[in-house]
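*Asks:* Go ahead and model the full structure; you've got the sequences and the hints to work with.
Respectively, the protein sequence lines represent chains X and U.
Just so it is clear: in the first sequence, position 209 is 209 by the working numbering, and no numbers are missing.
Just so it is clear: in the second sequence, position 21 is 21 by the working numbering, and no numbers are missing.
None of these hints come from the bench; they were simulated from the model.
Virtual Cβ for every residue (Gly too), placed ideally from N, Cα, C.
Simulated DEER-style distance windows between Cβ atoms:
no.	chain 1	residue 1	chain 2	residue 2	range
1	U	Ala62	X	Glu209	26 to 36 Å
2	X	Tyr216	U	His46	16 to 26 Å
3	U	His59	X	Leu174	24 to 34 Å
4	X	Glu218	U	Leu346	23 to 33 Å
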Amino acid sequence: MPETRILPTEYVTDPNLRVTSSGKTIRSEEMIINMGPQHPSTHGVLRLELVLDGEIVMDVIPHIGYLHRCFEKHAEHMTNYQQVIPYADRMDYLASMNNDWAYALAVERLMKIEVPERVEYIRIIMAELQRIASHLVALGTFGIDMGAFTPFLWMFRDREKILDLFEMTCGARLLYNYVWVGGVSHDLPSQFVDQAKAFCRYLKPKIKEYNDLLTYNEIFVRRTANVGVLPADVAINYACSGPMLRGSGVNWDLRRDDPYSLYHTLEWEVQVGKGEVGTVGDCWDRFIVKVREMEESLRIIEQALDRLPEGNVQSAIPKRIRPEAGEIYVRTETPRGELGFYIISDGTASPSRVKARGPAFVNLSVISEISKGAMIADLVAIVGSIDIVLGEVDR
Amino acid sequence: MEELLRSIPILGESILLYLVLAALPLVFMLLYALVTVWVEMKVSAHIQDRLAYMRTGPHGVAQPIADVLKLLQKENTVPATADKFLHALSPYLVFAGTYGAFAAIPFSSAYIGSNIDLGVFYLVAVSSIVVVGILMAGWASNNKWSLFGAVRSAAQIISYEIPAALAILVAVMISESLNLQVVSRLQQGGIQDWIVFGGALPLTQKLLVMPFTIIAFLMLLIAGIAEVNRTPFDLPEAESELVQGYNTEYSGMRFAVFYMAEYANMFVVAAIAASLFLGGWASPFGEFLSGPIWGFVWIVAKGMFIVFVQIWVRWTLPRLRVDQLMYTAWKVMIPALFLCVFAVGLILVL
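*Replies:* In C-alpha cells form, the structure reads like this:
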C-alpha cells in the first residue's frame, strides 16, 4: 500500500500525469480490479487484487480465507485421532485419499504401527488413482482457462471411471474417509482388480488423445510456453513442491526422496519439466509434468495390482488410538505436492496440536513473483497451472 | 418475390408491402437462431461425448423455445450505477447492425431485401455498427470487466474488418461487381464456376488464380469467426478471463437479443462467404436443382455448413491471447491477403 502523507502542493508530482502527442496533459492511472472471489478462473473462492496497466498485470495480491474452516482447531477438539480423517478429507477435496493417507501415516508413525502389506498396496493403488483423478481435473480446468472446453469434459468422463472404482470400494465418490489409522475402511471388492486393470488399459490411449487435442495444440503451446516462468531457485526459495517444483526442472518427489509405504519397491520415474517448447518452468512444463505423472501413476497401479497379496486389511487397526506423548512430522506426495502433518500428542486420546502443511497454499504464494508483467490471459494461465484447491489453501 | 406479393390485393402498392418484405429476413433470423442454438448444443455435445438436450421433445428439439420463454420471463436487471439509457439501447444497436446486414444478402434469385449495387460494401459497413453497440454495452454497464471486453471487442472487430475486406476484394476483382445478386449469377454454371475455384474465368487464368482464391476464402472464414467473437477469437467474452465481457451485466430479453445477434451474425458472415466464394444461391450442379426455391435451399445449406464449421472450430480450439490475436491479423493475414489481391490483379490484367 502506498504511504499517505500530506505534502506541500509544490512538492507533489503526480506520476500519473502524461503528455500526449498533441501536447495535452492527461492523467492516466493503473486500474485496480478484483479477480474473484466469484470468478471462473480462480478455481474457487480466491480473490486476486490486480493492478493493471491496460492488459498488463503490474501486481497481484492474493487474498485468501474465504473458505477457512478451522481445520487445525477442529482437529484438537475431536474425541479421538480417527475423527480427524473426515476433516482431512475436506482439505484438498480433489485428493481426499492422499490427505487421509498423509494423516493416517503420521499417526501410525507416532504410534509405531506396522500396516500389513495388502493395506500398503491398496493405499498405493488408491492414492495413485486419486492422483490421476486430481490431475485430470487440474488439466481439464486448465484447458477451460485457455478457452478449450472439450478436453475438460473428456477428462471428466474418464475421471468418472475412477470415482466409480472408489464408489465400488467405499461407497463415497469425493470424500472417502477410506484410509484409517492402521488400515483401510473396506477391503477391495472382488471385481476391483479386474476393473482397475481395465481402466489402466482404457486410459493409456486417452492420454494420447488429450495430448493431440490440447497439449500439443499450436494455440495452446503459444499460450503457455514461456508464460509464468518459475526458475528452479525461486521455486525452491518459495518451498514449492509437487508438479510445480518438478515443472521447474527440480527432480524431487517425496515418494522417492523421503520414501514411505512401498514406493521404493516399484518401478517408476520422476517426471520433470525440460522446457521442450519454451523455457524450463513455464506453464506448459507444469502441464506436461502432470500428463506424464498420470502415465507413471498407471505404471505404479498396474504393478501394485499384480503384486496385491491376500490378507486382512483391518488387522493392524488399533483398538484404542492413544499415542505416547511426543511429536512427529510426516510428509507425503499428494497430486499438488508436499502435504505434511505435524502432530503433537500429549498422551491423551485426541491430538494436542495438528498442523497441516498444504502444498497448494505454499505454491500459491509464488504467484506475485511470477506474474508481474504478464497479461490478464497469462495470469489466468498461471493460476491454472499452479493448480490450487481452495479447500486446502484456506483449510 | 416482390411481384408475387404485389399481386395480393391488400398489399398492392401500400407501405405494407415493404413491411412484409422487410419482415421476411426477421422471420428467417428468428427461426435460424432457434435452430442454430440447438445445433450448436448438439454438435458441441457430440464433440464432447455427451448428449445435451434430451428431455424437451425428441432429442430436445423444443429446448430453444423453452429457453426463449424462460428469458422472456426473466427480470431485466440493470446495475444501479449503469448508464440506464445506453444500457438499454446497446442490445438493439447490436441487433440493428446484424439485421441491417440481412437486407443485402441474396436469399434467392427472386428475393434480396435490397438489390443495391454496393451490396458487398454495404454489408462490410453495416456489420461494423455492431462494434458501437458492444462498446456502448461495456461502457454503460459500469463494470471494469465489461469495459475490458468491450474495448477488446472494438480492437478485434476493427482489426479483422481489414483482412475480411481484402478477402472480399479478391472475389470482387474476379466477379467485377459489388452486387451480390450479380456475383451469385456469375457462379451459376456449377461448382467449377465458384469463385473459390477461380470463378468463370478462362482455364489458364482460373488455375493461376485458384491458390489465391482458396487462401482468400479461408482467410475470410477466419476473419468471420473473429468478427463474430467466437473461439478461438472469443476474447471479448472470454468467460475464463472476463466473465462474459460486455454482456456480463445483461439479463432477460436484452441478453437474449445479444445472444441472437451473435448467432445471426454467424449466418451473416457465412452467407457473405457463401455468396462470394461458394456460389451463393447457385446450384453446384449448374441447371440441375436450380430455381428460386432451390436457390434459397442452396444458400441456407451453404451458410449452415459454414456455421457448422464455426461451431466445430469453437469446440476444438483454445483461445488466443490479445497480442497473438493482433499479430495474426496484422502480421499474417493482412500481408498474405495483400499478396493475394496483388497476384489476382496481376493475373487478371495479364
